[in-house]
Amino acid sequence: MATLINGLHHVTALAGDTQRNVDFYTHVLGLRLVKKTVNFDAPDVYHLYYGDETGSPGSILTFFPYGNIPRGRKGAGQLTYTAFSVPVAGMQFWLDRLHQFQIAYSTPAKRLAETFIRFEDYDGMGIELVFNDIDKRLGYSNGQIPLEFSVRGFHTVTLDQLKPDRTVDLLTNVMQHRLVAEEANRFRFEAGGGGPGNYVDVLVDPNSIRALQGAGSVHHVAFSTDSDETQLLISQHLSDAGYVPTPVQDRNYFHSIYFREPGGVLFEVATNPPGFAVDETPESLGTGLMLPPQYESRRTKLEAALPTIVLS
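Numbering (the numbering used here), first residue to last: 476 to 787.
Simulated from the structure, these hints should not be mistaken for lab results.
Careful: at least some of the hints might be erroneous.
Stated by the list, open to error - Computed cross-link-like contacts, DSS-like style, restricted to lysine-lysine with a CA-CA straight-line distance of at most 30 Å:
| # | residue 1 | residue 2 |
| --- | --- | --- |
| 1 | K585 | K549 |
| 2 | K638 | K549 |
| 3 | K611 | K585 |
| 4 | K638 | K585 |
Start from the sequences, fold in the hints, and give me the full structure.
Structure (structure tokens):
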């Protein structure tokens, strides 16, 4: 069968204060703000995209910062931890950096033969750094973090599940993932060429409480596909398997379909093209407020209403 799912494309979460979100991901973690736009369904709210230099699929973490909203709660039916891939040589650098910013982190521990640490962003979103030397992606340096220690992109996403069987069936029989490792109650699946950026971990905890969405919660996880044609094939496979994917949604920088997996997590399949340079040059990514055509006539009002963002 032709490869339809390559691995991870992006993760989208909810946030509280806009500036604190920007500060954490651009300054503390050193990601690039590659796109500043609005929620296409609620244009009075930003949609912020962070990633590597070009916003490559598998590096993109996005947020809807809603301001003063209650925090969410981690639990079953949610993507609870988003892990980034960083070089082994950068471990002490990252421990020191998190300490510098007074961000509490877990003691380095082993999991599936790799060392990781765990912490939370300013809204309580679960973040991990996984230290490995198999990830050959270049990463991105904003001048504050040495390139040799920089984040390479995603490593893994963890789905917290009460009853995983139907989720596993979806991943393996419809979405072309392979079981590649397991440890205790954690099962790792990979797609496409495998390796960091293509991993999904299913964590089985029958006693987990149900998640509540709010600031710090992941809204959905998106999987990468090459084209509109491969996306339509996936949509057909999903329909044949009893799922109800949405019609294709034009998100300017990719095209998307959405559906709910059996455990409750919202899945998206997003095309790699056209990418983030369709409305800004690669050098200027993230510097202007980019609006979809349907909101361009409201630009003046939106610019006045949206919080000012300062890049440190």
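To see whether the hints hold, each was checked on the structure:
At roughly 22 Å between alpha-carbon atoms, K585 and K549 fall within 30 Å of each other, so this suggested pair holds. Pair hint K638 plus K549 holds up; C-alpha atoms about 16 Å apart against a cutoff of 30 Å. For a cut-off of 30 Å, the pair hint linking K611 to K585 stands: about 21 Å separates their Cα positions. For the hint pairing K638 with K585, the CA-to-CA distance comes to about 25 Å; that is within 30 Å, so the pair holds.
The structure agrees with every numbered hint stated previously.
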